[in-house]
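**Q** One-letter residues, chain by chain:
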Amino acid sequence: MVNWDNVKMDMPLPSITKQPSAMQLFMFSAVTWNRHLIHYSKDFAIHDGLQDVAVHRALLGSFLGQLLTSWLGDDGMIKRLEWSVRGSAFPGDKVACKGKVTAKEVRNENKEVDCEVWIEKEGKIIVPGTATVTVFQ
Amino acid sequence: MTELPEEARSMIGVEKMNTYRVTKKDIRRYAQAIGDLNPLYSDEAYAAKTRYEKIIAPPLFCHSFAFDDVPAEELREDGLPVELDVPLPVSRAIGGGSVFEVGKPISPGDEIKVTKKIVDIYSKTGKSGLLYFIVIDTLYENQENEMVAREKATYIQR
Numbered sequence: 001m002v003n004w005d006n007v008k009m010d011m012p013l014p015s016i017t018k019q020p021s022a023m024q025l026f027m028f029s030a031v032t033w034n035r036h037l038i039h040y041s042k043d044f045a046i047h048d049g050l051q052d053v054a055v056h057r058a059l060l061g062s063f064l065g066q067l068l069t070s071w072l073g074d075d076g077m078i079k080r081l082e083w084s085v086r087g088s089a090f091p092g093d094k095v096a097c098k099g100k101v102t103a104k105e106v107r108n109e110n111k112e113v114d115c116e117v118w119i120e121k122e123g124k125i126i127v128p129g130t131a132t133v134t135v136f137q
Numbered sequence: 001m002t003e004l005p006e007e008a009r010s011m012i013g014v015e016k017m018n019t020y021r022v023t024k025k026d027i028r029r030y031a032q033a034i035g036d037l038n039p040l041y042s043d044e045a046y047a048a049k050t051r052y053e054k055i056i057a058p059p060l061f062c063h064s065f066a067f068d069d070v071p072a073e074e075l076r077e078d079g080l081p082v083e084l085d086v087p088l089p090v091s092r093a094i095g096g097g098s099v100f101e102v103g104k105p106i107s108p109g110d111e112i113k114v115t116k117k118i119v120d121i122y123s124k125t126g127k128s129g130l131l132y133f134i135v136i137d138t139l140y141e142n143q144e145n146e147m148v149a150r151e152k153a154t155y156i157q158r
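Protein chains in written order, with the numbering used here: chain A, 1 to 137; chain B, 1 to 158.
Everything labelled a hint here was simulated from the structure, so no lab data went into it. Certain hints may be false.
[What the hints assert, rightly or not] As a list, the in silico DSS-like pairs of lysine-lysine whose alpha-carbon atoms are at most 25 Å apart:
(1) K100/A with K152/B
(2) K104/B with K104/A
(3) K104/B with K124/A
(4) K111/A with K94/A
(5) K49/B with K94/A
(6) K104/B with K124/B
(7) K98/A with K54/B
(8) K24/B with K111/A
(9) K104/A with K8/A
(10) K111/A with K100/A
(11) K127/B with K79/A
(12) K127/B with K121/A
(13) K42/A with K54/B
(14) K124/A with K24/B
(15) K54/B with K111/A
(16) K79/A with K113/B
(17) K111/A with K49/B
(18) K98/A with K124/A
(19) K79/A with K124/B
(20) K100/A with K127/B
(21) K98/A with K8/A
[What the hints assert, rightly or not] Residues from chain B shown here face chain A by an in silico Cβ test under 10 Å; the list is partial:
(22) G13
(23) D78
(24) V90
(25) I94
(26) Y132
Glycine is no exception: its CB is placed at the ideal position from the N, C-alpha and C atoms.
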């Protein structure tokens with residue numbers, strides 16, 4: 001259970017691992033109605049200079065979203081999430097989503113926690129980000 | 001900074017609007033696509049016992065309405081979303097980033113109004129040459145005019 005008292009500065013968030021498949025990329029293209037070939041046609045992706053179909057910017061964001069929701073459970077919610085894609089991820093890549101607490105403050109009567117969040121591939125950060133979450137209790 | 005083609009500049013600030021009714025199916029499929037099997041997103045009986053008292057959507061669910069559902073005939077050959085089909089002297093889309101704010105939780109039956117516009121287009125010379133940045137601001141509101149999400153997404157083309 002995440003509550004205000006047990007959130008400490010610099011505390012690491014429980015990390016999660018994701019291994020997107022070509023099928024997952026297809027499903028994400030479909031639900032977001034994103035028809036850009038770069039996400040489901042390997043031929044096109046290679047022609048475009050990539051090694052394989054690329055994981056979507058928005059799906060990488062959702063992986064960071066899951067890092068936060070799996071930590072918070074029903075005890076809080078995401079208020080803001082910022083991320084930027086600095087490197088590509090491809091089907092089969094194992095990526096680790098990690099984070100740590102950088103601030104804890106009551107703002108407008110809301111208990112807010114700021115976090116640094118990121119996605120690593122082979123030990124290198126490919127998606128750095130920051131987040132603010134609200135803790136209910 | 002390189003001069004922006006006039007046709008590209010004229011796209012800045014043009015607002016587009018769309019409305020979608022959220023179904024259980026939309027939420028369930030989105031949750032499966034991101035690989036999140038939390039029963040809060042699909043199981044009514046489970047969700048009824050949570051603080052939300054009903055199924056809600058994952059926090060970044062509004063991404064499922066981010067791209068306009070125009071017919072394929074209106075897309076570029078590579079299927080690039082129309083939002084990003086800006087007449088620039090570049091053709092490849094690479095990476096980008098986002099600032100995503102989450103507001104009121106979304107549940108099945110909600111009607112989501114999507115208001116979207118390009119707020120900036122600018123260029124920069126990076127290590128790999130000239131890069132163009134397209135910044136799109138999208139506001140998502142429910143039937144009570146409450147913000148459910150807002151995203152300022154930056155797409156990079158080269």
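**Q** Next, verify each hint and record whether it holds.
**A** Do the hints match the structure? See the list:
no. : hint               : in the structure
1   : K100/A with K152/B : 24 Å, holds
2   : K104/B with K104/A : 22 Å, holds
3   : K104/B with K124/A : 35 Å, violated
4   : K111/A with K94/A  : 33 Å, violated
5   : K49/B with K94/A   : 34 Å, violated
6   : K104/B with K124/B : 36 Å, violated
7   : K98/A with K54/B   : 29 Å, violated
8   : K24/B with K111/A  : 31 Å, violated
9   : K104/A with K8/A   : 8 Å, holds
10  : K111/A with K100/A : 17 Å, holds
11  : K127/B with K79/A  : 34 Å, violated
12  : K127/B with K121/A : 22 Å, holds
13  : K42/A with K54/B   : 40 Å, violated
14  : K124/A with K24/B  : 37 Å, violated
15  : K54/B with K111/A  : 24 Å, holds
16  : K79/A with K113/B  : 20 Å, holds
17  : K111/A with K49/B  : 23 Å, holds
18  : K98/A with K124/A  : 12 Å, holds
19  : K79/A with K124/B  : 31 Å, violated
20  : K100/A with K127/B : 31 Å, violated
21  : K98/A with K8/A    : 16 Å, holds
22  : G13                : 23 Å, violated
23  : D78                : 5 Å, holds
24  : V90                : 12 Å, violated
25  : I94                : 8 Å, holds
26  : Y132               : 16 Å, violated
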